[in-house]
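Protein chains in written order, with this note's numbering: chain F, 148 to 644; chain X, -16 to 168.
These aren't lab readings, by the way, just hints derived from the structure by calculation. Heads up, some of the hints might be wrong.
Claimed, not checked - Just some of the chain F residues that point at chain X, by a computed CB distance under 8 angstroms:
(1) 222
(2) 286
(3) 524
(4) 584
Stated by the list, open to error - Footprint (simulated), chain F over chain X, 3 or more residues, beta carbon under 8 angstroms:
(5) -4 to 9
(6) 133 to 139
C-beta: ideal position from N, C-alpha, C; glycine also.
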Amino acid sequence: MSTEQPLLRLPLGFEYVLPLLQHEGDPAEPVVAVGERVLRGQVIARAEGYFSLPIHAPTSGTVTAVEPRPIPHPSGLLADCIVIEADGLDEEEQSRPAIENPAAVHPSRLRNRLRECGVAGLGGAAFPTHVKLNPTGERQAEVLIINGAQCEPYISCDDMLLRERADEVIAGVQTMLVALDCPRALVAIEADTPEAMAAVDAAIEASKDERIERVMVPTVYPEGGERQLIQTLLGREVPSGGLPIDVGAICHNVGTALAAWRAIHYGEALTERVVTVTGEGVHQPRNVIARLGTPVADLLSFCGGYTGSAERLIMGGPMMGFALSNDQIPVVKGSTCVLAASDTEVVTEKHAMPCIRCGECAEVCPASLLPQQLYWHARDRDLEEAEAYHLFDCIECGCCDVVCPSHIPLVQYFRAAKTEIWARQQERQKSELARRRYEERQARLAREAEEKKRRLEEKKASLAARKKGDKEVKSEIDAILSRVKARRQQDSGEKGD
Amino acid sequence: MIEAVLTLSGLAAAFGLVLGFAAVRFRTEGNPVADQVDALLPQTQCGQCGFPGCRPYAEAIANGEADINQCPPGGEATITALAGLLDRESKPLNPENGEEAAPTVAVIDEDVCIGCTKCIQACPVDAILGAAKQMHTVIESECTGCDLCIEPCPVDCIDMVPRRQDIGDWQPPFPDEIPQWQNKQ
Chain F
148 MSTEQPLLRL
158 PLGFEYVLPL
168 LQHEGDPAEP
178 VVAVGERVLR
188 GQVIARAEGY
198 FSLPIHAPTS
208 GTVTAVEPRP
218 IPHPSGLLAD
228 CIVIEADGLD
238 EEEQSRPAIE
248 NPAAVHPSRL
258 RNRLRECGVA
268 GLGGAAFPTH
278 VKLNPTGERQ
288 AEVLIINGAQ
298 CEPYISCDDM
308 LLRERADEVI
318 AGVQTMLVAL
328 DCPRALVAIE
338 ADTPEAMAAV
348 DAAIEASKDE
358 RIERVMVPTV
368 YPEGGERQLI
378 QTLLGREVPS
388 GGLPIDVGAI
398 CHNVGTALAA
408 WRAIHYGEAL
418 TERVVTVTGE
428 GVHQPRNVIA
438 RLGTPVADLL
448 SFCGGYTGSA
458 ERLIMGGPMM
468 GFALSNDQIP
478 VVKGSTCVLA
488 ASDTEVVTEK
498 HAMPCIRCGE
508 CAEVCPASLL
518 PQQLYWHARD
528 RDLEEAEAYH
538 LFDCIECGCC
548 DVVCPSHIPL
558 VQYFRAAKTE
568 IWARQQERQK
578 SELARRRYEE
588 RQARLAREAE
598 EKKRRLEEKK
608 ASLAARKKGD
618 KEVKSEIDAI
628 LSRVKARRQQ
638 DSGEKGD
Chain X
-16 MIEAVLTLSG
-6 LAAAFGLVLG
4 FAAVRFRTEG
14 NPVADQVDAL
24 LPQTQCGQCG
34 FPGCRPYAEA
44 IANGEADINQ
54 CPPGGEATIT
64 ALAGLLDRES
74 KPLNPENGEE
84 AAPTVAVIDE
94 DVCIGCTKCI
104 QACPVDAILG
114 AAKQMHTVIE
124 SECTGCDLCI
134 EPCPVDCIDM
144 VPRRQDIGDW
154 QPPFPDEIPQ
164 WQNKQ
């Protein structure tokens, strides 16, 4: 329902809130002070390490605070954000020159540019794009898959982007092929989006690039999942615990391709993205181009505001999204959709009943797991066993939740079990470090005690030697004294004569 | 009769030689059980178990001199792991040793610190930095939260505070730990 209206750019707001962690990896480090004036595209927080991305100002204005604010995160916790008050001028910083001919430069320069521009996967996970374009391992990228299949129902941002800006997406695909040194690209589009398909076909036609091919995939959730898409398109299964590159594939979202193109061709930082605003809780569902940091409330009021049936605000889709505690939470790089859901649209609280071992969950699992077994082990906190049943291959799509006749919140169990295992691993590492430090300290103390003992003994020995020396001197003095005495006696005897 | 005696004695001698050789050749260094136990302990080195560190406690467990429920920082998880390793019955933490608590770190009030180095000597993992008559500070990432530096401080400038929780450390709860779910199950 959000595709009936054209893609529109949201007007400038007053305040933008930029969380320091908008991507998968390490948070960025602020480089601006409160009161400083910034321009659109200016770096306001720099990347900390390889697995990190810088954050750029989405518009010109003044930094008013660097403080913890609510961010889009399932925990509902606060995290450090940079707050910018817009001045309405929207002045842009032009510090990155365009790379005119991407084919002529080294791929590392392209990756660096993407990193400088803060480009992350716009499909929802916000994984740093430069990392994904630099596959490690022996296998070369054989095929680049551009994911235009929506990851969840309700979300239509990729569809709308393709309809309106397919030529730029295709240009981005060409750049990515260069960066990856990859011979072929497939643009995957769902069967129920004929407009997007036509637009992409036209764009490929215009580019006259034979490496790029448009393919149609069925509209079945979770087709937009990376692994599922590879399975459908290539018939190859990504191994458990492996990455798509293990089967020679690399997946990127269509929005990421566009952002990559703009970063390389215009030196433009990632400061905006397409967001679907939908649900029965909003008057005019549509797709908007929103600056990063825009409060969700601005998006909703632009779309006609809440309807009476708005029950819950969800970021992401109805299957994998999470509830937002208020509408002042900002749009970030991974925000695909804001869903103002009515109570019929979301799975609200239901009575969880005991598992009847029907096996429905195993039938629908796209990763071919056994959710029922995983559930038993997660419930008993037998995490090792859950891991042995390939817990980490679960993509948390929620299909098992939906079909479960007992309404057991399976994915919640799996998510909790996964984080518990990670936490334990981290704890292990920490205790390993403590043990090493303890052992080294013990060794140091022993060494110091040993040295002290040795020094003491040396001192004793030298003292003893001195004592011995003293005795010799004394006996010599005695000898002299006795000689002198004898002489005196002799002298007095002679005198007496 | 004599053949039987000779055969058996011969066999006994042969096996004795093999075993004797194996005992020398395949001798294991150290105490493997203690190593395994030590790997499961939290390495806080706090001494709440009554032993001067995790390694001595591990050795005591391996030698059967200590029970498996004496480690408050490790808590239930450690007891379960130890019970699994040693094939024993899991049991609740011994309250004499203390209670399981959220992990903490030491923080030195640097305005009050007089630089006496007493806490540095007490720290089992060398996580306090400083020198005589110089301000001391705790390296947060290395601190195990063992409490051992609190006691020796003559000016009482060290506090134990809960370990900082990053948003990345957040753990979604298991549904059966959420009260509203419990009622409904």
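So, against the hints stated earlier in the document, which numbers end up violated here? 2, 3, 5, 6
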